[in-house]
Every structure is written in structure tokens, then in C-alpha cells.
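J.: Read off the chains here:
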Amino acid sequence: MEKLKYEIVTLKDGKRYFVLEDLLYQFDTYDLILNVEDENDIQIVLQEVRNGKTILTPVTDNDLLNELSLQFEENIRNKQQNL
Amino acid sequence: MDKKVIIEENEEVLENSIPENLKIYLEKDESTLNKIDETLSNLDEKMNALEKEKVDSEKSFSDRLAAFEEELKKEKEKAFDEFSKRENEINEEKTRVEKIKLDEQSKQVKYIDSLKEISKTYNSKINSIEEAIKACEDNETLAKALEEEKNKLEEALNNEYDSRKTELDDVLETIGVKKAEVPEEPKFDLNLDFELPKIDTNYDLPNEDLLKPTIEESYDNEVISHESVKEVINEIYESEDIMENHVFPYLRAIRD
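Just so you know, the sequences run in chain order A and B. The opening position of the first sequence corresponds to residue 779 in the working numbering, with each subsequent residue numbered one higher. The opening position of the second sequence corresponds to residue 533 in the working numbering, with each subsequent residue numbered one higher.
Heads up, none of these hints are tricks.
Straight line, CA to CA, 20 Å or less: simulated EDC-like cross-link-like pairs of lysine to aspartate or glutamate: (1) A:Lys783 - B:Glu759; (2) B:Lys652 - A:Glu826; (3) B:Lys639 - B:Glu692.
Simulated from the structure, these hints should not be mistaken for laboratory data.
Produce the complete structure using the sequences and hints provided.
T.: In C-alpha cells, the structure reads:
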């Protein structure tokens with residue numbers, strides 16, 4: 779699976795996102811993405827490969843979102859301290 | 533007036549003013565007064581005896597109190613020695629369990645790394661096999677190979693899990709807890725099943741179109757291109773406006 783962290787991704791619908799952080803959680807990869815043109819458009823997405831295509835699907839499960847948001851925040855805080 | 537003076541005055545009165553022939557009538561009085569004196573003397577003796585008994589008793593109480601205090605002091609010291617001993621035992625056990633916890637946390641990191649490595653291998657193999665399916669016409673063989681790879685991975689993960697579970701059970705027994713409170717089955721959600729491309733095998737000659745997956749899905753959220761912008765993202769990390777006013781509030785709002 780491609781690693782998209784620190785990259786700008788362009789989706790098929792034309793939107794472009796910064797991939798701020800990624801996370802391996804229970805064998806799935808999740809990304810925290812920020813819209814290049816709209817700083818209010820932030821999402822946690824599941825990164826998966828279907829038929830050789832990389833798809834970013836927004837996470838909707840509340841418990842999973844809760845856990846991922848905690849880990850993303852912790853990772854970012856740690857990274858900020860090292861910058 | 534002094535008692536002695538009264539008696540002397542009485543004798544003087546009796547000798548000087550009482551006629552001799554009447555003195556006989558006073559003998560009864562003398563006798564009675566003597567008995568009163570004897571009684572008073574007895575009472576004085578009893579009072580002295582009581583005083584002595586009182587002093588002896590007080591000394592006895594003091595001695596017993598001192599002995600009791602000494603005994604109580606020894607009992608207290610013994611009790612606190614026992615408390616101190618038990619406190620040390622608990623501290624030693626706590627230190628031992630904390631060390632076990634640290635060891636297990638360290639092993640947990642290795643365990644997670646191991647699982648990640650297996651997952652990485654899995655993803656890598658699946659991608660390779662998917663690519664191979666597209667390019668090769670021997671579909672049955674590939675499907676079988678894919679199934680074997682899946683089974684191998686499942687077995688590796690289960691072995692890893694069983695090994696870790698046994699280790700945790702042993703640890704809990706060591707610290708006095710009988711069984712590990714871990715689920716019987718792996719709690720991680722393994723996404724091992726996925727659909728094989730449906731390829732029609734009823735053909736005589738290789739047909740390029742038949743070798744392609746028949747499921748051609750289209751996704752708006754498909755990544756069609758990507759490029760590295762690490763420096764830009766580092767700047768975003770350092771941007772208080774974006775991080776503090778947008779990213780962190782978004783993450784926190786999820787949990788509210």
C-alpha cells in the first residue's frame with residue numbers, strides 16, 4: 779500500500795488534500811487529511827486498495843473516530859515538539 | 533477548751549466539792565467514760581490500720597499500672613513491627629509486579645511490531661497477487677496460491693496471538709491472577725477476505741479482455757495522483773492558526 783503521509787493527494791472529484799498524518803490501527807491504515815483550499819475541510823479517512831486503486835473513505839464509526847482522533851492528536855503533539 | 537483541762541477540772545470539782553459519801557454514785561459515770569475512751573482508742577487503731585491499708589493499696593495500684601503500661605508498650609511495639617514487616621512485603625510485591633508490567637509493556641511493543649510486520653507482508657503479497665491476476669491467464673492456479681497465502685498469514689497471526697496469550701496467562705498466574713482477561717479470539721479486525729476478480733474461464737483462446745477484472749468500480753474519492761510536500765506540511769505543523777484553530781478543534785470535537 780502506498781504511503782501518502784507528507785503528500786498532497788488529488789482525488790478523482792478534483793479535490794486536493796494534504797495528508798498530515800497516517801496511522802496503522804488494527805491492520806488498517808488511516809489518514810488525517812486537510813483540504814488544500816478549505817482549512818475547515820478536515821477528515822479522518824480509511825486508506826484502502828480496491829482493484830489496484832487507492833481509495834480514501836471517510837470514517838463514520840463514532841467509537842473508531844474517537845480512538846483515532848486521540849491517537850492522531852497525540853502523534854501530532856509529539857511531532858510538533860520535535861520540529 | 534482542752535480535753536485534758538476539762539478532765540482535770542472535773543476531778544478537782546469531784547475532790548473538792550463532792551461529799552465523800554456521794555462519790556460512790558459517780559463510779560458508774562467513771563466506768564462509762566473509761567469504756568468510751570477504750571472505744572475511741574479502738575477507733576484510732578482502726579483508722580491507723582485503714583491508713584496503712586490505703587497506702588499499701590495505692591502502691592499496689594501504682595505497681596500494677598506501671599507493669600500494665602510496660603506490657604502495653606511491648607505489645608504496641610510488636611504490633612508496629614508486624615505492620616512494618618507487612619508494609620515491606622507489600623512494597624516488595626508491588627515492585628515485583630511493576631517490573632513485570634514494564635517487561636510486558638516492552639514485549640507488547642515487540643508484539644505490535646511483529647503484528648505490523650505480518651500485516652505489511654500481507655498487504656504486500658495481496659497487492660502483488662492482485663497485480664499478477666490481472667496479467668496472467670492461469671486463474672485457478674493463482675486463486676489457489678492466493679488462498680494458500682491467506683491461510684499462511686492467518687496461521688502466522690493466530691500463532692502470534694496464541695503465543696502472546698499464553699505468555700500473558702503465565703504472567704497473570706505469576707502475580708496471583710489466574711487467567712488473562714483477554715478475549716478468546718483476536719480482537720483485531722482482520723480484513724483478510726476480499727473478492728477475487730470474476731473472470732470467465734469458459735474460453736478456448738486467451739482473450740485479453742477476459743483477463744481483466746469484470747468489476748470496474750469508480751470512486752470519487754479515488755486517489756488519482758499524489759506528490760511529496762513534506763516541507764509544506766512541516767510548515768502547516770508549525771502554523772498555530774491551522775493547527776490550534778482548525779485541526780485540534782476538529783479532533784477534539786469528535787470526542788465531545
